[in-house]
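Visitor: Here are the chains, one letter per residue:
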Amino acid sequence: MKRYFGKILLVVVPVIAALVLLYPTYQASQLEQKERQAIAQAKKAGNSSDSLEIMEKFKKQYGEALKTAKARRLKLGLDLRGGMYVTMEVDVVKLIEESAQNETIDEIFKDVIAKTRKEASASDEPALNIFQRNFNNIARPQGKSLLNYFDVGDVREASEEKIIASLNESIDKAIDQAQEVIRQRIDQYGVSEPNIQKQGTRRIMLELPGVTNQDEMRSLLQTTARLEFKLVRNYKEIVQAFYKIDKLLSEQIKRGKGFATADPTTMLDTLKKDTANVAIKTTEAKKDTTKLAQKSDTTKVDTTKGNQDTVKDPYAGLPPEEAQRRYALDHPFTTLFSTFFVPGKNQNIIPIYYTSDQFPEGEYIFRIPKDSIGKFQVLLNRPDVAALIPADLEIVIDAKPDTRIKQNQNIEIYDFYALKKEPELTGEVISSARASFDPTTNQPIVLMSMNTDGAESWARITGANLQKRIAIVLDNRVYSAPTVQSKITGGNSQITGMANAEEARLLEIVLNAGALKAPVQIIEERVVGPSLGDDSIRSGLNASLVAVILVVLYMIFYYGLGGAIADFAVILNVSLVLSVLAALGGTLTLPGIAGIILTVGMAVDANVLIFERIREELDHGRSMRSAIDEGFRKALSAIMDSNITTFFTGAILYYLGTGPIQGFALTLMLGILGTLFTAIVVTRAIIELLMAKGATSFDFGQPKIKSN
Amino acid sequence: MRYFKNPNIDFLGKRKLFVILSITLIIACVLITLIEGVEYGIDFAGGTEVAVQTTNPVATDQIRTAVSSAGLTGVEIKSFGEDNQYLIRTRESANAPELISNALTKAFPNEKITILKVDKIGPKIGSELRMQAFWAILLAVIVMLIYLAFRFEFIFGVGAIVALVHDVVLTFTIAVTLNNLGIVNLEVNLSILAAMLTVVGYSVNDTVIIFDRIRENKERHKGMNFIKLANLSINETLSRTVNTVGTTLLALFSLYILGGPVLQGFALIMIIGIILGTYSSIYIASAFVIWYMEKIKKIDLETGFREVIGVKPE
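Chains F and S, in that order, give the protein sequences. Going letter by letter, the first sequence gives residues 1 to 708 in the numbering used here. Going letter by letter, the second sequence gives residues 709 to 1022 in the numbering used here.
Everything labelled a hint here was simulated from the structure, so no lab data went into it. Among the hints, erroneous ones may be present.
[As the list claims (entries may be wrong)] In silico DSS-like cross-links for lysine-lysine, where the CA-CA straight-line distance does not exceed 27 Å:
no.: 1; chain 1: F; residue 1: Lys110; chain 2: S; residue 2: Lys832
no.: 2; chain 1: F; residue 1: Lys94; chain 2: F; residue 2: Lys59
no.: 3; chain 1: F; residue 1: Lys70; chain 2: F; residue 2: Lys59
no.: 4; chain 1: F; residue 1: Lys634; chain 2: S; residue 2: Lys1006
no.: 5; chain 1: S; residue 1: Lys832; chain 2: F; residue 2: Lys118
no.: 6; chain 1: F; residue 1: Lys517; chain 2: S; residue 2: Lys832
no.: 7; chain 1: F; residue 1: Lys7; chain 2: F; residue 2: Lys634
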């Protein structure tokens, strides 16, 4: 008995190991079934206390066990159970662009960035290299150096190398930070068993089982969540800038340059038509807002003409339609939106027309219909137009249309603001955020509290800007722009302007997780519906089962008892692959199943090689025992060589591949290791144990030969 | 059970015929592939692919009209798995799933439209994956060549690689041709790549087992004509070849028939590749080594083969 103890161990230990490692998988599926039953019962019970009790009971009885089992079980890939697979990439070009100092950015730099963005979208080369190359080709001949655009602190020690090094560092940091932020967002959103991995130097791969609301997830992932508090500067200065833009554009149109594209005459025509249309739309909007103003304030009704009265009307005497058309032609920019002047508190807002460059001092309001926003932004992005906007200001549009106008007139009108470019405070000071409802309006809001530093600054800022408006800007859209009524101490603030409670909740999540240092974009997205998952797992399992049964039967048919032992070894091999996969925390995917089937093939091959050899040796007249020894010995080199070459393929796939391919490669490699162990060691141990009692024959399916 | 008792088939006697057959087949398939082009799946081509399911089967033409009218370009519709499942592909990637689902709901108000899966691949990822595939195969080949050159003689390694290239090229072009002829739906995607790499492993595996036997027999039957030696080795391993290929094909056919749309392409490629791999181990790999000895090294295989294989004469 003692001689065979080692061999028994060789057979029993792997069996026990496989059973132990796979038990949690079995247990988890059993418990989940129980959980489903409990949930069904709870639903049936209807009565809330009863159903709660049922769930409590389940949790108490099985909760812990289920949790541990789930953690240790063999996880199924997204292709088998449904969910969302996303690859995100840090937008390095944007990061470089944003690292440059705002006030130094000029046309040359914008050129470099635009070219870099174009090239980077089609190339594997690191974006920073592309940027450097383009910078050398475009900016350097014009006498620019990186030092012109980037700030590295101490001027004396500044050098181009340092700038590149620091950019490189921030790219590296950005990916780690993005991963952390996204992990927090996912956790708070409540995805169970997410898999978040860094891939290469600037990508993050996410596997989100069970996620079906792709839109919500996409916005949760891509939101930069950059929160800024900026002063609203809707003053005379910006209105005058708009006036100048009108002049510039209308002159360009008159000179036939239009929007500077291929055919100036047709462009001119379409522009005329377009602006006329917009003019009509905006006048409608003006009417609406005027009505609104009338409703809200009944003391004064004279809102018709605004500053028209104070200056000479150049269109006097023309029929109203003609005057309107002419006005639109002369004011291609400002007819895209409407401008109002706020004469003072509790007074009606007055529409403003850009007939002269004389504007009253004070605060203005700008409203733009949704249809015009696209054109408005195109114009603002034109370099000649942008040059007319004061350098320290930027135009930012509201996140949501004005709810009152939308409710009353069903037109989507957005406010936009001239904001001071430099933020007063950024979201870094936010220590926590909580979604809630405004007790008076019942609108969703997000309450924010700030850390000590932030609270101090906030008190100082609000104290210094009493009765002025501060815009709360998130990812370059204004959520609200309240007027500061009093100095705010204690560091509390709130965001309003969300469409619904769900959006407030997403906002709470992203604010708590913090902002992304660099924007990220989704470059690959796969969603598998649970129904397809069910289908594919069922057919995959069925096919595998049939395959295994056929192979098992064939082996017994051809190799008799030896075949049965080989079958045992092969099944043990598959169980070992699955249990190691579970222990490593890997996931079983469809290509993984394919890898296992290939493993079955390879494992069978190893056994076939051995048995064929044994039979050959028997044919040569060897005794059973020595034939077995020789068979194993001679088959070894062929088995090793063939498995090692296949193992190389697996290793290369694992190293170079991603996602599904890696799943395939991993099971293949585990399978080959398992094959070597089970076919060479376990099969032999079993055969020798079976022959332990001095047997001289063994059924390898060989034809009976006369014993001599 | 036994199929062959001491088989003695002259496999290599007809080697020239089979080599000519292989070369003709390769030229034909490569030409067809070059003319017809390769249809890349979403993984390599980029774009958006949405699998939808309707309650009842509908005409693909109607789906095409509905989806095209939603303003999507480069729309392709394919049936997918069951009769009521369709694969819709478009070049656009921004919110294509929403557009498709809205367009279909509008076009088929009586059908419940279920989105089964959505794959969105940016154009950059697509080309990256293509490069990745190329490097993976190239690297696998190089590593195997090194290993085989180390384990056997260098020329055997080359022989195995020649057989391997034969298998990979033929399997790939046959698959592409089958797809282009509309016989099966086999676009080149990630799972096809996985299958191709498995074929790589299998092809070498099969060749190695025969070479291993040649190496062994070379010691046992010193001085034997190399062609005879190779033939003997192939015959001796014939039983193993039949049984292993048989069981693997059994498994793959059940995968092909029962595995559903996702596994089908994978299984078919493997079936083609394994049949070719077995064939090439016998006719191409050994034939190449024989050709090299006869024509390049000018060795008289009757007498002088030991100068190349085995111990070099002092």
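Visitor: List, from low to high, the hint numbers that the structure doesn't satisfy.
Guide: Result: hints 2, 4 break, sorted rising.
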